[in-house]
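Asker: Here is what each chain is made of, one letter per residue.
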Amino acid sequence: MSHRWKVLFAAVLAAGLSPTALGAPPAKGRFQPDPDLPPDLGVPYVIVTSEELAPVFRRLAEWKRSTGMPAQVVTVEWLQRSAYYPGVDLPERLYRLLQDLRLNWRTRWVLLGGGVDAVPTQRIRAYKQALGGNQIACDVYYADVLPEERDDPDRIGAYGWNGNGDRHIGEADRDGFDLVEDLCVGRVPAETLEEAEAFLDKYLAYVHAKDKDTAWCSRALVVGARQFEQRQDEVAKLFRELGGDGYAAELVVERKPQPIQAISDELNKGYAFFDFFCHGCPAHFWACDDHTSWGVNQVKVLRNEGRYPVVFANSCDTNEFEKDVCLGSLMVLQPKAGGIAYVGYSHLSFGSDVNHQIWRRLFSGDCPELGRAVVEAKRAVEQDVWVRQVLQLLGDPEMWVRTGAPFAPAISGERLAVNVPARVTVADALGKPVRRARVFVEGAGVFLVGLTDESGIAHLPAPGRPGPVRIGVLAQNGRPSEKKALVLSKTPADALAVARPLLAIDDAANEAGDEVAEEAPEQPPAKAEDDGGITEDGSGEAPEDQPPAVAPRADEGATRLRGNAMKDLNPGETVRFVFSWPKDAPLPGGELTLEFEDDPFVKAVAGPERVEGGAAFRVHATRRTPAWHQAWATLRWKAQGEAWAWTYRQPVEGPSLTCVAVAVDDADGNRDKRIGWEDAGKRIRFSVGLYNGGTQAATGVKVVATTSDPAVTLLKDAVSLGAVALEEVAHPNRTFEFQLAPDYDGHAITFGLAIEDARKNRWAGRLQFTTPPAPPILLVAEAGVRHVTLSWTPGGSDGVVGYHVYRAASARGPWTRLTERPLRGAMRFPDATVKPATEYAYAVTSVTADGLESRHSAPVAAVTLSKLPKRRDAAK
Amino acid sequence: MSGRAFLLLALLLLPGVAEAGIEWSKSLDGAKKAAAEKKPIAVLLRQKGCPLSAELLKNLAGDDRIAALAPSFAWLSVSVGTDEYKDWFVPTCGGNVEGTPSLLFLNPKGENADPEYAGLPTLSTADPDEIVPVLREVLQRAKQEEPAKDKEAVAAAIGKANAARTPGEKVAAWREALRAGDGWRGEEPAMEEARAAIRAILQEGGAEMLRILREVRDVGGQRKAYEAVRESYAGTSIADWAADEIARLPKK
Chain P
1 MSHRWKVLFA
11 AVLAAGLSPT
21 ALGAPPAKGR
31 FQPDPDLPPD
41 LGVPYVIVTS
51 EELAPVFRRL
61 AEWKRSTGMP
71 AQVVTVEWLQ
81 RSAYYPGVDL
91 PERLYRLLQD
101 LRLNWRTRWV
111 LLGGGVDAVP
121 TQRIRAYKQA
131 LGGNQIACDV
141 YYADVLPEER
151 DDPDRIGAYG
161 WNGNGDRHIG
171 EADRDGFDLV
181 EDLCVGRVPA
191 ETLEEAEAFL
201 DKYLAYVHAK
211 DKDTAWCSRA
221 LVVGARQFEQ
231 RQDEVAKLFR
241 ELGGDGYAAE
251 LVVERKPQPI
261 QAISDELNKG
271 YAFFDFFCHG
281 CPAHFWACDD
291 HTSWGVNQVK
301 VLRNEGRYPV
311 VFANSCDTNE
321 FEKDVCLGSL
331 MVLQPKAGGI
341 AYVGYSHLSF
351 GSDVNHQIWR
361 RLFSGDCPEL
371 GRAVVEAKRA
381 VEQDVWVRQV
391 LQLLGDPEMW
401 VRTGAPFAPA
411 ISGERLAVNV
421 PARVTVADAL
431 GKPVRRARVF
441 VEGAGVFLVG
451 LTDESGIAHL
461 PAPGRPGPVR
471 IGVLAQNGRP
481 SEKKALVLSK
491 TPADALAVAR
501 PLLAIDDAAN
511 EAGDEVAEEA
521 PEQPPAKAED
531 DGGITEDGSG
541 EAPEDQPPAV
551 APRADEGATR
561 LRGNAMKDLN
571 PGETVRFVFS
581 WPKDAPLPGG
591 ELTLEFEDDP
601 FVKAVAGPER
611 VEGGAAFRVH
621 ATRRTPAWHQ
631 AWATLRWKAQ
641 GEAWAWTYRQ
651 PVEGPSLTCV
661 AVAVDDADGN
671 RDKRIGWEDA
681 GKRIRFSVGL
691 YNGGTQAATG
701 VKVVATTSDP
711 AVTLLKDAVS
721 LGAVALEEVA
731 HPNRTFEFQL
741 APDYDGHAIT
751 FGLAIEDARK
761 NRWAGRLQFT
771 TPPAPPILLV
781 AEAGVRHVTL
791 SWTPGGSDGV
801 VGYHVYRAAS
811 ARGPWTRLTE
821 RPLRGAMRFP
831 DATVKPATEY
841 AYAVTSVTAD
851 GLESRHSAPV
861 AAVTLSKLPK
871 RRDAAK
Chain E
877 MSGRAFLLLA
887 LLLLPGVAEA
897 GIEWSKSLDG
907 AKKAAAEKKP
917 IAVLLRQKGC
927 PLSAELLKNL
937 AGDDRIAALA
947 PSFAWLSVSV
957 GTDEYKDWFV
967 PTCGGNVEGT
977 PSLLFLNPKG
987 ENADPEYAGL
997 PTLSTADPDE
1007 IVPVLREVLQ
1017 RAKQEEPAKD
1027 KEAVAAAIGK
1037 ANAARTPGEK
1047 VAAWREALRA
1057 GDGWRGEEPA
1067 MEEARAAIRA
1077 ILQEGGAEML
1087 RILREVRDVG
1097 GQRKAYEAVR
1107 ESYAGTSIAD
1117 WAADEIARLP
1127 KK
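Residue numbers (the working numbering), protein chains in the order written: chain P, 1 to 876; chain E, 877 to 1128.
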């Protein structure tokens, strides 16, 4: 941006002009995957932490990568500096980042690495009017990032937890969120590097399970107060049933003579699970009916190093992780003792059986990851909205939970050759196949990952290069194991080698006369004739009596490519994805399909069709596709009993124009930047500047201005701007012109802008001209226990019709607006959403009739009183 | 400051420490004795772990105006949960109290229902600027005279305000007048004048800022104008506003 327009831009902002546009925001500050990660897998595991704690969590990310799970660390400080993710506060911005990751980068696991000071949580409106207030800390906010209607591109972009735009987040039936978790989220609430290190130390000990004593992996500790004995007896029976022969479940109910010590003694022996059902509070639970409690003091002296249980707390409040003293946090962070993960309630518990659902999933063999078990269990108790809101996980959501004795998986039978689908077999020490183990092959530019089937065989993608690799296995209850191997350059005699096809995009479908409807009807991809199949034993060998597939001649029935074969995929277009194979390689004769995984914007609508040298599919990107959307296309081919799959990441490209600068010129040559009542009757000229934050230059850009203001007569309403290059502001001196009525009174004037380029990409903008009012002054805050009453006097500007009230934890912000609409006719505001004994800061703004808002007033601080003890007992 | 630090500070300021003019009685009988049938009794309700209670104790000990007024009161501190709280405070005064800290006033006989003291607010703030006027009001109801030196301070501040050259100096002087006289019945007209003057000066400052926004065209002129505002309104929120606008201007 040239200096002149930077000055103008700054002046426009200083004047309170608020140009907005519906085009995509500039791409600066948007998440990009680490270039060291494999290019075709996205970033399934993300750790959000602070710069201070990042060194520890980077080590966790490296460990994840070494076990076949691509992982990346993002810091909160980076997010705060980013220009890309919008939001009224940091939690909302983090929410938008996670939504981006889920939609575009295949993220499914999120670890919040830090306490609420490092990585803030969101406070949402609880579904039940619970004692102590109805705002709860809720990390589920970060997990539910997509609506139920995932195929609706309009719903995706608008989805959030404050659909009605008021100051309450997470209101049931009003805000439009579905409370179905789309990400598995866990938190490690470390406040310091030492705490993060302590967790990582425990975590690595857990996943490696190197301790000689492994009996703890095959038993569960179940604890309850006397009143809950029957229910906990059922849990103990459940563990024995799920664990099978040899699995022990120890039930401890007020064991005399020292019931509290008895729990500690048992934990010190070591258990894989610790399930308790007692009344509780943040620091402890009441292990006995007489309220004798077990809690943080006992955790601090536990001696169960290396034998860390997964904890389920069927108890109120013990997972209030935003509190300084929290049993759940301490269990997870206590060095060399305590638990490895904690699933509990951050507010009241009403004794749901969701823990049964979690244990069933973890023991099923199909769901080793703790976070996924929790998410699926919560879906299973769908009608219990409270549980879905309040039950949260402290720990790694992608941790594979131990449900039995550790073993060392054996790797064998590997078939690794260039361009041949890889196979690896995993068995236990007795030779029994291990199902659902994660197998990964890494090295020499190769990264393949897959799960073993019932036969213990992992069918992996074909490696594209020869060379030495490392094969690793992660199995539930297994110790991580690995083996060195070699990807051969020579194709085995019984295999067919098919190189990864090249992808080019052809816009032949958009030639003149070849109009495509905005929403092309979805058609299932056509299948070519089936020449083979997977044999019954799953080996993929072609049956002996079937001849090998014969490649047709290159030009037999093939379409020649036309048009520009080097273009990108733009919003609103239908193009051809053309896959081409090397000249002397076989063309696909089996079954070829193209899928876009979980993508509401881009779909394969027809194909395959034979083209010269390969095959093509028609692909459509809806016009509502945001720029920089990442489409993940998987091409699958089955032939001769083998299956290949190749993944391609295709960004959806296009220009993205935003109105960023305005220069105003009245007829006297006075380049005044503001319009007021003194301009009544004048002719005013203005020009606009457009910024291109997209991924392609825009050409042939035209802008048309409209207004419905009766005081304004547009004399010239259309301007051609020509080309707008990438990351440039184009601002040629071509002006719009309008006349103000003689009785114009200085009210805000608004213009709509319709922007269009030569390719018929369209954006909308809005301009508003006026000067903001002065803020109110002399704020006074009177604080009670659960209320703060604010009062102020006007700032003295004309045209002020109301006030907005903002609140923050301190005068430095960030600020949250408390008023849905401007307060009219009042200069007092009672805030009843405060907590006792808490410091707040308040500021107020003046608002004019057209919605123009002043800057914040000077802030005022308020500290609420501490509450007096209640007469009756609290709930559990 | 963390909650724990506040608590430590509160412990240092427990009753018995006669810092800055406050001698805390340990019981209602003790307070009545100290009141000697003349002094109003100031009752502070606090509780362990309440950070605002600790801040209030600190401010009571640290404010010079409170130090000057303190000997005219008998002071009683009651902690939530003690026998004094349960047996005496809750039945007698509990209806007026929402949380901690709470500062309320009894007549010299230790009675809560004296009509002479009716209408006095129960203070729930740690801000000395809000506490001092109420202490003064209580003393006047207890028929104690307004100190001469406070009257002099108000007169001097008004004189300073009238002689001040810049709006910032005027606001500072009017604020001094409020500090000296707020709560003394005899000074009410002067306090009204002070508040109105401060309001008017700040509104004028806001109007000047808007004028610059609307009328000054070039960046150099804006910078100069904002710097002039910042200087002349130094010490007020108008100066902060001008500083913000200067920071937003493009660098030279």
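These are calculated hints, taken from the structure and not from any lab test.
Please read these numbers as outputs of a predicted model, since none were measured by experiment.
Check the hints yourself; a few may be wrong.
Stated by the list, open to error - Here are a few chain P residues that sit away from chain E, every Cβ distance over 10 angstroms (derived from the structure):
1) A236
2) E782
3) S791
Said to hold, decoys possible - Calculated cross-link-like contacts (lysine-lysine; reagent style BS3-like; alpha-carbon spacing at most 27 angstroms):
4) K934/E x K867/P
5) K1027/E x K962/E
6) K909/E x K870/P
7) K835/P x K870/P
8) K323/P x K934/E
9) K902/E x K835/P
10) K914/E x K490/P
11) K924/E x K867/P
12) K1036/E x K867/P
13) K336/P x K934/E
14) K870/P x K902/E
15) K1027/E x K867/P
Even for Gly, the Cβ is constructed at its ideal location relative to N, Cα and C.
Asker: Which hint numbers does the structure go against, in order from smallest to largest?
Answerer: Of the numbered hints, 2, 5, 6, 9, 10, 12, 13 and 15 do not hold.
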